[in-house]
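Chemist: Throw the hints in and build the complete structure from the sequences for me.
If you read the sequences in order, they're chains A and B. Residue numbers are given in our numbering: position 185 of the first sequence equals residue 185, and the series is strictly consecutive. Residue numbers are given in our numbering: position 532 of the second sequence equals residue 532, and the series is strictly consecutive.
Hints listed in this document are in silico derivations from the structure and should not be mistaken for laboratory results. There could be a bad hint or two in this list.
Listed below are the simulated EDC-like cross-link pairs for lysine to aspartate or glutamate, each with C-alpha atoms no more than 16 Å apart in a straight line [what the hints assert, rightly or not]:
| id | chain 1 | residue 1 | chain 2 | residue 2 |
| --- | --- | --- | --- | --- |
| 1 | B | K247 | B | D577 |
| 2 | A | K199 | B | E404 |
| 3 | A | K199 | B | E278 |
| 4 | B | K51 | A | D224 |
| 5 | A | K238 | B | D577 |
| 6 | B | K25 | B | E222 |
| 7 | B | K312 | B | E363 |
| 8 | A | K180 | B | E363 |
| 9 | B | K82 | A | D224 |
| 10 | B | K380 | B | E405 |
| 11 | B | K51 | A | E217 |
| 12 | A | K238 | B | E117 |
| 13 | B | K51 | A | E218 |
| 14 | A | K238 | B | D123 |
| 15 | B | K312 | B | E331 |
| 16 | B | K409 | B | E424 |
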Amino acid sequence: MLKNITLGQYFPGESLIHRLDPRTKLLATIALIAIVFVVQGFSGFLLIAAFVIACAASTGIHLKFLVRGLKPLFFIIIFTFVLNLFFQTEGTELVHVGFIRITDHGLRMASFMAVRLILLVVSSQLLTLTTSPISLTDGLETLFRPLQAIHFPAHEIAMMMSIALRFIPTLMDEADKIMKAQKARGANFETGSIIARAKAMVPLLVPLFVGAFRRAEELALAMDARCYRGGAGRTRMKQLKFGRIDALAALALALLLVAVLALNAIGAF
Amino acid sequence: MKKAIIEARDVCFRYEDAPVNAVDKVNLTVAQGEFLAILGRNGSGKSTFAKLLNALLLPSSGELTVNGIRAVSEDDCYEVRKSCGMVFQNPDNQIVTTIVEEDCAFGLENLGVEPAEIRRRVDEALHSVGMTDYAQASPSMLSGGQKQRVAVAGVLAMRPRIIVFDESTAMLDPIGRRDVFALARRLNVEEGITVVWITHFMEEAALADRLVVMDKGVIALEGAPREVFAQTDRVLALGLDVPEVMKLADALRKGGVDLPAELMTVNEMAVALCQRREALNQTVVCHSKLSSVFDDGHPAQPDESQNVIEVKKLTHVYMPGTPFEARALNEITLAVREGEFAGIIGHTGSGKSTLVTHLNGLERSEPGVVLVKGTDLGLKDTDLIAVRRTVGLVFQYPEYQLFEETVAKDVAYGPNNLGLEPNEVSSRVNWAIRQVGLDPEQVAEKSPFELSGGQKRRVAIAGVLAMKPSILILDEPAAGLDPAGRREMLSLIRSIHDSGTTVVMVSHSMDDVGRYCDRLFVLNKGEMAYSGTPAEVFIHDEKLHDIGLDVPECAKLARRLRQAGFDMPEGIYRIEDVCAAILENLRGGSGAGC
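Modeler: Laid out in structure tokens, this is it:
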């Protein structure tokens, strides 16, 4: 029943942000990241944070899911913070214990970097939470299509991603079945040294790979039978279309950028 | 005869490095709008022939025309594929995208059709296969039968003149099978699409307009299904089977009953037998002359000490507390006795596979108790490895779990996990390989991946037997095999049972469990629907049909005849028994009454 687990972190919904064209969301995320880098003071971050939180609130997704994405990056954030804290020597000294010397400038830089990282992660979280993997793939393919002129395989990459998405649940199901079958033959996957456990994975991985190759071969045949011959001359049933909400999103981001630049200009905190 | 849509003249095909032709000088004409079935054992060349029709392969020599296009060169292959669609065997491996309607659009997108036109045709195709409600669904959430319908829709959207179904029902349960076959038949009748239906199931082939039997790359038999099946001995020799009614007809003729040739369905047989009886002037209805099967030899309630497996009120809930929560088993109670051959039957989703994974402690659920030889599998300190040594479990398609370099090493995996001495392991490996009907000297050092499908499955079963379980559970051991392979597999399991092993066989074929099992447990939607001897279970034939399980044809016939006034004992289902009862009826002192 592993196949019932939803893939990625996509949270289905009908909000304005959910309905944005995936290209808009991709470009908006890139723009938002750029804006985060433009910011020079905490007031700018406050503004962006307010913007991101407002967006998240409008999607109906609980804030805790946005924050959850920070977990794997927790150490990097702490590391960045500590690094900046200890190695910035300019500014007025605040604490001096042994070789550790913390200045007001250092504290400011450390917090600045940490907040910047958090905002970067949370903004991209917003994208993956509101966009299904398949429409992300579609968006990426369309965005990269112009690059096909310089032989960038946009279609092939998108097709591979979409097939991978299609078969992940199937393969997870199969892995579960093979694991049970080997357990029925007395296999033990849970205990023993790391080496013993890695060895115990062989009876699981070999059949899984053999199965994946068999599936790939059959799928290739089925695609052939339905006249697949690469991206050239191919059309799509669903055409991505920019609508009024996409213009609205662009406008909102432009306003955000102007506000951030204004804050920079007046040198706000 | 109608216009030909497929014409094959002396078509040959040889795979690279193969010593002989896979398809050898085949001459075949298929008429427009025909429903043609192709039968043949594994390796008979029928799938290769199917791929030639779709230009997935090109003939090595000979002439092949499909819908007026010569399917012999690369240049025209897309034109051929447009007019001749193909639905494959494995429902999972032919769906490309994660959304049903997008998969349906895949072919048209490849052809570069305008988006609006694609939309229109996709909606039409999904409607035609009855999957409109699932347009936005993810294929991985669909049943096998539904996936095949999506595959048909994907082909249909391309507006083909011909659809080739290459064993498209082989991996489905009876409901899915009936469903997909009916869909193909409807497209054939209503939309005039020519169908080439490749199958291992005789009951499907029997419903085709015409039947071709392939063997070693050539057409061995050809004609209307009843003409072909009437050559019973020849069909059996080709590794196939004939419908049960035809076997019964054969047996009756040998018993001296004069029957018209080419009887194939239960209905035809019932009518013919009633006519015979009238001719014999024996219209008096009499009962009680023949004893019911329940009177003789049916054991009284046996004492519980014989039970090797006991399941009491077992309930299993999948993913509790999530939106996907589902009750896979609901208060299941059953007992398997020492030395028994028990059958668990039900369709996909009935919970039968979930149930068997509880019988060796792979899954444990609350509430409920599972006892194996008195050991409670639910207790924390139960030694599960010891349980798995007692209860061998062979999964569905067990050949997909093989992983070692050689057959011997693979079979040794289980015994090694039990920590046995090397000597003991190697003697068990040889013993187990022999048990499954293979020769250790020939196969032991081969890679399991070099073997044929049926041999691989035998090796996988040997891997479980090598642990010397006293109880062997097999989940659909005959699934996906051709009729001869099926017969061999089932007789192998019977011989394992005869050598003293308690066997539990999971199946969705009533014919198989009826023929081999002492006792049946019928599961439906996680509940125990019926249990008892096959005779006791088959009495509920109408209700079984409603839950998607068919009783053997002979049981159906016996019931029909009883209704028509024949004196048929309750609950008979074996060909021999039904044949004997009919002969008794027709002989029974002609005209003398009771």
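Chemist: A separate judgement is required for each hint: does it hold in the structure or not?
Modeler: Hint check results:
| no. | hint | verdict |
| --- | --- | --- |
| 1 | B:K247 to B:D577 | holds (13 Å) |
| 2 | A:K199 to B:E404 | holds (13 Å) |
| 3 | A:K199 to B:E278 | violated (73 Å) |
| 4 | B:K51 to A:D224 | holds (11 Å) |
| 5 | A:K238 to B:D577 | violated (61 Å) |
| 6 | B:K25 to B:E222 | holds (15 Å) |
| 7 | B:K312 to B:E363 | holds (15 Å) |
| 8 | A:K180 to B:E363 | holds (9 Å) |
| 9 | B:K82 to A:D224 | holds (11 Å) |
| 10 | B:K380 to B:E405 | violated (36 Å) |
| 11 | B:K51 to A:E217 | holds (14 Å) |
| 12 | A:K238 to B:E117 | holds (11 Å) |
| 13 | B:K51 to A:E218 | holds (12 Å) |
| 14 | A:K238 to B:D123 | holds (13 Å) |
| 15 | B:K312 to B:E331 | holds (7 Å) |
| 16 | B:K409 to B:E424 | holds (14 Å) |
When the structure is compared with the earlier hints, violations turn up for hints 3, 5, 10 and for no others.
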